[in-house]
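Asks: Sequence:
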Amino acid sequence: MTIIVDDAVLRIERLTLGPYETNAYTAVCKRTGESLVVDAPARAGEIIKSLEGTRTKYILLTHDHYDHTGVIASLRARLKAPLATHEASSWQLKKSPEILLNDGDSLKLGTHEVKVLHTPGHTPGSLCFRVGSYLFAGDTIFPGGPGHTDSPDDFRQIVASITGKIFLLPGDTLILPGHGEATTVAKARQEYTIFASRPHPPGLSGDVLWASG
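Okay, so the sequence shown: first residue is 1 according to my numbering, each after it adds one.
It is possible that part of the hints are untrue.
Here are the computed lysine-lysine pairs in the DSSO-like style, where the Cα-Cα straight-line distance is at most 30 Å [as the list claims (entries may be wrong)]: (1) K108 - K94; (2) K49 - K115; (3) K108 - K49; (4) K165 - K115; (5) K95 - K49; (6) K187 - K165.
These are computed hints drawn from the structure, not numbers from a lab.
The whole structure should be built from the sequences, with the hints applied where relevant.
Replies: Right, here's the structure in full:
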């Protein structure tokens, strides 16, 4: 468990779980005790322990890949909290989500607002969630590059999601990805600027790094 922030108003913890070292996150409004979970890869008990003493208001799912959904059913049953995700991410779930989210939607977490960004490319239903200066990014963007894409069209779409939505956020916004360490919007913009200045094959997709793609 890694504490991302723990101040007078907000606590965010990262838990790296499962064989693919997927990041789950918990966020707690310190003023009201309301909490949420972002993604549920494995070991539900550890996630629930991170939420002790809080009232879990939402389970948020960034996308429907199995390394992010492994213990969704267990968390829903044990926390009695609604699952919220994009409609395109709901079809693989055994039980439909209680809340369907779209770009521009917002949720309340105590005194905080959770803003929803639809960022397709890695999957059609990929979402990012912004709480203040923190962005839960799932597999849309990582330090050094975008998430994996399966086709050139998907790659163009994920780049459009990143440049047209994530890069519009303040530079000090901390990007909290679905795997690995955090980065900032400012650093990601700089990396992409170098990538965009070079020619690339038209069929680019897969695992692309800004520095070498």
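Asks: Which numbered conditions among the earlier hints are violated in the structure presented, ordered from lowest to highest?
Replies: No numbers; nothing is violated.
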